[in-house]
Amino acid sequence: MYKIAMDNLSALFQKIAESNELYLPIENCGQVNYGVWSEDADVNIEALKTVKSPKDAFFPQSENLYRCDKEEKKISITPAQLKDQNFVVFGMKACDIQGVEVLDKVFLSDPVDTFYAARREHGTIVALACNEPEETCFCKVFGIDCSDPKADVATWIVDGELCWKALTEKGEALTDAVKDLLTDDSAADAKVEEKKAEIKDIVEKLPYMGLSLEGWGSEVVDEKFDERFNSPVWNDLYKPCLACGTCTFVCPTCQCYDIKDYDTGHGVERYRCWDSCMYSDFTMMAHGNNRNSQMQRFRQRFMHKLVYYPINNDGMYSCVGCGRCVEKCPQSLNIVKVIKAFENQGGEK
Amino acid sequence: MQRIGVFVCHCGSNIAATVDVKKVAEWALKEPGVVHAEDYPYMCSEAGQSKIQAAIKEKNLTGVVVCSCSPRMHETTFREAAERAGINPYMVEIANIREHCSWIHKDMEEATKKAVILMRAAVAKVNLNTPLKPGESRVTKRALVIGGGIAGIQTALDIAEAGYKVDIVEKTPSIGGRMSQLDKTFPTLDCSACILTPKMVEVNKHENVNIYTYSEVEKVSGFVGDFTVDIRKKARSVDMDKCTGCGVCQEKCPSKKTPSEFNRALNTRTAIYTPFAQAIPNVPVIDREACIKFKTGKCGICEKVCQAGAIKYDQEDEIITEKYGAIVVATGFDMIKLDNYDEYAYSQSKDVITSLELERIMNAAGPTKGHLERLSDGKAPKEMVFIQCVGSRCSDDRGKSYCSKICCMYTAKHAMLIRDKYPDVNVTVFYIDVRTPGKNFDEFYRRAVEDYGVNYIKGQVGKVIPQPDGKLLVRGVDLIDNKQILKEADMVVLAAAIEPNKDVRKIATMLTASIDTNNFLTEAHAKLRPVESPTAGIFLSGVCQGPKDIPETVSQAGAAAVKAIGLLAKDKLMTNPCTAKPDELMCNGCSQCANVCPYGAISYEVKEINDHGVRETRRVASVNSALCQGCGACTVTCPSGAMDLQGFSNRQILAEVDAICR
Amino acid sequence: MSIEANEEFKPKIVAFCCNWCSYAGADLAGSSRLGYPADVKIIRVPCSCRVNPMFILRAFEKGADGVILCGCHPGDCHYSTGNFYARRRMTMLFSMLDYIGVENGRTRVEWVSAAEGVKFSTTMNEFVEKIHSLGKNVRLGDLRCRN
Amino acid sequence: MQELIARAKELLADGTVARVIGWKAGDLPYNPEPAYFEKEEDFDDFVYNSFCGANLSKLMIEACKLEGKTLVCLKPCDTYSFNQLLTEHRVDRDKAYIIGVGCKGKLDIERIKKQGIKGIKSIKGAEITDDAETLTIDTLYGEKTCAFKDAMLERCHVCKGKEHKIYDEIIGESKDTKDAERFAEVEKIEAMSPEEKFAFFQKELSKCIRCNACRNACPACSCRKCVFDSTKFDSQQKANVDSFEEKMFHIIRAFHVAGRCTDCGECSRVCPQGIPLHLFNRKFIKDIDELYGEYQAGEEVVERGPLTSYTFEDAEPGIVAERG
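Top line first, the protein sequences correspond to chains E, B, H and D.
Residue numbers for the first sequence follow this note's numbering, beginning at 1 and rising by one.
Residue numbers for the second sequence follow this note's numbering, beginning at 1 and rising by one.
Residue numbers for the third sequence follow this note's numbering, beginning at 1 and rising by one.
Residue numbers for the fourth sequence follow this note's numbering, beginning at 1 and rising by one.
Just chain E, same shape as in the assembly (with noise of 0.2 Å):
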């Protein structure tokens, strides 16, 4: 295992940058947000949740696909060039890995999504183990290890040190890359399995470790499905939710886009945003909306995450615990809640 120490930190990130593009935890106006590093970027890698997840690395919130340029009455079509250069992604924690894992599935199969794919192809990660998981994280609810996240290159911070350890070839590229300013350090193993133990020690105190995700899942099917779909407790949870998209804006897993078109006056840029299932024209089409209350949408991003992804995708849930949602919502309704919700309801009637 190398490490190198906290305070030589940014010596490592101009290395980094030097050949990469460089995405970590920045701070501004007092919000933690991934950024592109700079040399005067207020850096705060310690910081455990960013405010956003670092989804846009792989998945922009907003992003041109192509233009169309109008001559006289003649259209040209140029697409929009797919990311050719290779950037890392530095200190994502394992719930936004597993995002990364969540959105690979959707966009990486058949058909593949020519830009996703090749940010992944250009990315590489480096994660980074949660030092002080918070009471808002349920990670461990979904089978992810927040003290041994597993990426390209895993780091731990255990004593003013930045352990790191590379886990796959590009891992061992940018390894390779930054070699010189890394030691090498046996010892330094026993240190992150302690840091790991006292992590995990955390992990079991935080207030929602206990949640059970019984009677959801890919084993929600047939009568059991329209049971949960039909469920009254859907009409008691939306009511206070705003329809706003901040849930769906920080969470890692959240994939809905929506393409639009820009008139440039020259012609028309066509372009995909983030769309949210909060959103009254979420899904909205010609004849309407086929989810046309709030009741329907808000139970589509619940469904979506806990019974529809797993069902699709091998039982893999595609929430991941991160908590932010939990943080961020304004009415301070989540995921959490609705899963205790049906809980309560003993195992239906």
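Bear in mind the hints are in silico, worked out from the structure with no lab data behind them.
From a predicted model like this one, the values you see are computed outputs, not experimental measurements.
Cβ coordinates follow ideal geometry from the N, Cα and C atoms, glycine included.
Be aware that one or more of the hints could be misleading.
As the list claims (entries may be wrong) - The calculated lysine-lysine pairs, modelled on DSS-like cross-linking and capped at a C-alpha distance of 27 Å, are:
id : chain 1 : residue 1 : chain 2 : residue 2
1  : D       : 162       : E       : 337
2  : D       : 113       : D       : 95
3  : B       : 184       : B       : 379
4  : E       : 73        : B       : 113
5  : D       : 160       : E       : 340
6  : E       : 239       : E       : 340
7  : E       : 340       : D       : 197
8  : H       : 136       : B       : 171
Stated by the list, open to error - Counterexamples of contact, computed for chain E against chain D with all Cβ distances above 12 Å:
id : residue
9  : 86
10 : 113
11 : 206
12 : 230
13 : 275
With chain E held as given, fit chains B, H and D onto it using these hints.
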């Protein structure tokens, strides 16, 4: 997708000299939706219009853009032409490449580029135009004339003669106006009263005319064809039906110190009074501010002496609400205040008077019974000086920038009358220019100079200095001999500028008629529509539109009447289809739009709305398109954009913005 | 030195004119041959109160360097009260633009009557000059449009 | 709180109201959610404490469409919003039973977390009956304390006052929390140079993710369909595609609520990115006060707001440049 034809007008060389019209047409063909483009020397001509119509038919056009002069000039022409060729007139837009382009730019390349952009904006708009259909509204067959001077009287008579009901609202106790104060008229020198009084009688007797004297317009709402007007009939304190006009009350009234408005405050009147002997109606009013009974509760003499029992102290103002199809403004003029012209000593000497005051002095019914005499000592003057352009043609803000138009002529008249009646009086006129454009006007002026020996001096008077002996020292210059002149005069007459009646601004605001900085009402077109206000259904009669003399006033009064008659003759009017329209699916029913609507055209109804299958009963805005005039205030107030303006929709305007900025 | 640096700055200026006064004032400027730069392009609206702040922001978004709104003088509105509302709305909008750091000379309101051809022309000349002094609008430009 | 629950149950039982809108205890010490209570047993979860910051007045738009009256708990500042909604015919007074609830300042969990307090297990001092000056917070990483004032929402520091502007009855006491000038922040920005102003807003707004939480939480933004969701202005955007659109959205949003915004502070409270959105609205409020006379939206039900009225003598837009 529209099929648009673009027609570029040369306007002879007006456009073509600065804008490469061929290029504009060429560029037009590159615009989305444009399937036809051509240029032609005069698009507005019969042949030009035929070209548009032919293209509409041959190319199946759905929209037309004409690049030409201002839409204010020929929009209607082209819309009508398009309509005759079978497309909706509101599918036509004008790109103004003359007033806004060729006439103000010199560089051909620059002007052509701009013309292309203006064309693009118009094309972008037409791409989003939708056919609009005018609605219909009723016409109330009754006209209102505001002002009972010669202009108002003539207009009312002409309308009445055509068979329509007409009401006159006159602020003072009698109709007659300024003309009733005049002694003689130019250039014929006939007696003003002799020609006016029969008219007054005629209008008063006319079965189609109803006169509200001592009344004012209080409120106006509605629109062309359907105005609703509140008229305040001020309490006269005299019962119009009972009063016989015997005049005893005026003889006996003990309050005699109020300056007479009719005699320009040169003498006084009683508290109960008729302004002048021939007043119509011949019913006095009680001036409550002067009346002892009203001030102290004591007196009541008039009530005692009135045999008819017509005195009504407890009479109250009455509000009459009436509907009209057309409104004619004939509010007339007043002389300016001379506070800014103290150098002429108007406020210092009783013998410095205005021309209108001179009219009263010369009039047999005036304060001096028609004898020309100095008001200070009653002596007959020997030297009289007239000063022209007092406050007219003024280059600074002391006076008016315009020429009052009538002064040259009435001064010649005064000079001539004085020289005729009092040959021993010397008359000197200081003038800047003498303007006599009018039938027999110059001849009239020359008679004053040549036959009556009036001394005209081209030059201005700098100061009038009252002397201890009561004479007036006039200091001026003679510009022709280029010398200073000092002249002793017994009387000085100032040809003060005329200005619109001070109430006209209030009235214009009520009528939403536009008014210029001098308070003259603006005509719809200075040359082609001089008696109409830009506000539909409002017509202009007399000096309220600009300075003019009696024959001009009378002819304009007739013209305004004809326009009003033309309107009243219609049973229905087509209403402007460019009105606001709410999208009920989006409307919140918040009432903000109704708050800013100047016409009260927006109301609310609770109804069931079906939004793609979701039914809900709720409050939504509804626009009365007959009342809506299409200003668009509501569209901006509406936060969701539920309210839009047809013909000037959000998307249309944005398309123009985009086209200009791209 | 690049070619662009030498290129003369040609501002894009949108003028919203009410149909009754200012558009007619512009017509009068035209028929009186009172020139002003061709950078000014006029959009006819029925009344100054028809101008939505979104139109103005949109113009900037699409690359305008200045936007001016002309209407009837207060009290002379053809619709009697339209320009009073426009006046408050624009005061608010301009104040907000100033507040977020947009140069406040880029927007202007001027009351021009149908009789004021001279005023229309001098106003436009002044405004264009002002925009020249401010240079290209970068603070409110749409990045997507620029490329 | 018990008095409130008892009264609500009573009104529900005697049929005066068909439902109650209040707050339901959350699953963490600080996340109660707005909720409907229709049966007596629902009240087991009823809570009213210093974390009940949400303004419930906007929920009344939907509640007024239901059968029967709805009891709604409104804090003093929420009553301004309710009045404004009444002004705009968005709620029905006859369908509402308003209990004005006392307020001793509301807490912002973000401000607590900003102080490095994490892994929160419980919080003492947030009960409405407490007069504690300090919050005692038990966390996974030990016990922490935090001054109540330091954890208060921005809006409570510039509180408009604890007087309920509309209510059927009042339950609970209030405590004045104002300790800052309402327009101080705005004045600070006004004093900046154009470059500084631009940099300030550019930085703050670059965080915006266009989640629309500010709009959707705002009681003044009650449009059935927002212009930013409709095609009417070609303004329909779901994401900021560039820096202009962030500004456009926030300027227009502020403009649309100008003269209608009660300064309830919900926009800033709900912003997941902590953008001080109230600075936009408060700027307009300050301008309106200065140019058109003091006006507090929602103080009472009025017919016309400042932007739907005028005077002949109003300032010209050029005043913006003159003020500098």
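Against the structure, the hints come out as follows:
1. 162(D) - 337(E): Since the Cα atoms of residue 162(D) and residue 337(E) sit roughly 32 Å apart, the hinted pair is violated (cutoff 27 Å).
2. 113(D) - 95(D): Violated, at roughly 39 Å.
3. 184(B) - 379(B): 23 Å, holds
4. 73(E) - 113(B): 20 Å, holds
5. 160(D) - 340(E): 38 Å, violated
6. 239(E) - 340(E): Distance of about 16 Å is within 27 Å: holds.
7. 340(E) - 197(D): 46 Å, violated
8. 136(H) - 171(B): 58 Å, violated
9. 86: 25 Å, holds
10. 113: Given that every Cβ of chain D is farther than 12 Å from that of residue 113(E), nearest at about 17 Å, it holds.
11. 206: Incorrect as stated: the minimum Cβ-Cβ distance to chain D is 7 Å, not above 12 Å.
12. 230: Check passes; 20 Å lies beyond 12 Å.
13. 275: The claim is violated: residue 275(E) sits with its nearest Cβ about 6 Å from chain D, within 12 Å.
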